[in-house]
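Colleague: Listed in order, the protein sequences are those of chains D and B. Per the working numbering, numbering through the first sequence is continuous, rising by one, with the last residue being 156. Per the working numbering, numbering through the second sequence is continuous, rising by one, with the last residue being 269.
Simulated from the structure, these hints should not be mistaken for lab results. Just to be clear, a hint being listed does not mean it is correct.
Using 30 Å as the maximum straight-line C-alpha spacing, the simulated DSS-like pairs for lysine-lysine come out as follows [stated by the list, open to error]:
(1) 259(B) / 125(D)
(2) 125(D) / 49(D)
(3) 223(B) / 49(D)
(4) 49(D) / 244(B)
(5) 244(B) / 125(D)
In this text the structure is predicted, and so the values were computed from the model without any measurement.
Each chain, written out:
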Amino acid sequence: MRYTLGMAGALALFWIINSGHYSPLLLALGAVSVLLVTWIALRMDVVDKESTPLHLLGRIGPYFLWLGGQIIASNLDLVQRVWRREPRYQPQVARLPLPQRSDICRVVYANSINLTPGTLTVELKPDHLLVHALSEEGIAALEAGEMSRRVSELDR
Amino acid sequence: MSAVLAILSGACLLLGSFLLLTGALGFLRFADFYARLHACGVTETLATALIILGLMLLSDSYLPPFKLLLILLFVLFSSPTASHALAKAAWNAGVRPRDNQGKRDLPLPAGER
Chain D
1 MRYTLGMAGA LALFWIINSG HYSPLLLALG AVSVLLVTWI ALRMDVVDKE STPLHLLGRI
61 GPYFLWLGGQ IIASNLDLVQ RVWRREPRYQ PQVARLPLPQ RSDICRVVYA NSINLTPGTL
121 TVELKPDHLL VHALSEEGIA ALEAGEMSRR VSELDR
Chain B
157 MSAVLAILSG ACLLLGSFLL LTGALGFLRF ADFYARLHAC GVTETLATAL IILGLMLLSD
217 SYLPPFKLLL ILLFVLFSSP TASHALAKAA WNAGVRPRDN QGKRDLPLPA GER
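With the rest of the complex left out, here is chain D:
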C-alpha cells in the first residue's frame, strides 16, 4: 500500500511540474491520468520496493551531494589530462568486489562509477565488477572502497 501511494504521489508531483495549469478541468484530468497509470502499474505487478524505492529517499540526498563533489573533482582531473600537449593517462583494467546485495544498490554503484569521468564499468557480474580507469589513482580510489561503502549504507 505504501508503494502504491508513493508511486501515485510521485506521478502527481511529476504531472504538476510538467503542467503548470491549475484550472479544475485540467487538475481533474491530471488526477484521472495518475489513477489510470497507477492502476495499470498495479495490474502489471510492478509496484514494489524496486520500482518505488521509498526506503532510499532519506539517504539518497546526502549521497548525491557527495557524488556531486566526486564528479566535479574527477572532471577537473580529466580536463587537465585532455589539455596537456601530450594527453597523459595510464589506462588500467581491474576487477572490483561487489558487496551490495540488492539489485538497486548494484545499479547505483555501477552508475556512480560511470558518472565520475575517468572510471568506467565494463562488466557487471554477480560477484564482481570489471572497471576500466584512466589512471592508477582512479582504480586506487575505488579499491579504497569509500564509494562502495556509501552505496551499501543506502540500503541499510
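Starting from the structure of chain D, add chain B where the hints point.
Modeller: Coordinates of chain B only, in the frame set by chain D:
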C-alpha cells in the same frame, strides 16, 4: 539582481561550453575506444549540469527550473547506463583496452580474456 543573475548564468554557460569542447577534444586525442568513452563522460556530467544550471538562472517564472532539473536528472540516470552499454557491447565484440599510444593491449586481471 537580474544583472548579477545574468552574469552568473553567462559564466555557467561559458564554463559548460568549455567542458563540452574539452569532451570533444579528449574524444579526438585519446587513443582507444575505452579512453574515448571517458572523455565523453565530461560532456555528459559536469558540462550538462553547468549548462542546465545556467539556463535555470535565466528563467523568469518558478516552473521552468523544475523542468530543467528533471531533464538533468534524466540525463544523469541515462548517460552512465548508455556508456556502460557501449563498453559492454565493445567488450563482448572482442575490443580490448590498449595503452595510451593505442598500440599494445593492457594487461587484464587474472581470469579475463
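Colleague: For every hint, state whether the structure bears it out.
Modeller: A quick look at each hint next to the structure:
1. Proximity of residue 259(B) to residue 125(D) is assessed by CA-CA distance (about 28 Å); at most 30 Å being required, the pair is judged to hold.
2. Under the criterion of a C-alpha separation no larger than 30 Å, the hint pairing residue 125(D) with residue 49(D) is consistent with the structure, at around 22 Å.
3. Between residue 223(B) and residue 49(D), the direct Cα distance comes to roughly 26 Å. Compliance with the 30 Å bound is thereby established for this hinted pair.
4. Between the alpha carbons of residue 49(D) and residue 244(B) the distance comes to roughly 28 Å, so the proposed pair stays at or under 30 Å and holds.
5. The hinted pair formed by residue 244(B) and residue 125(D) meets the criterion: a straight-line CA distance of about 11 Å does not exceed 30 Å.
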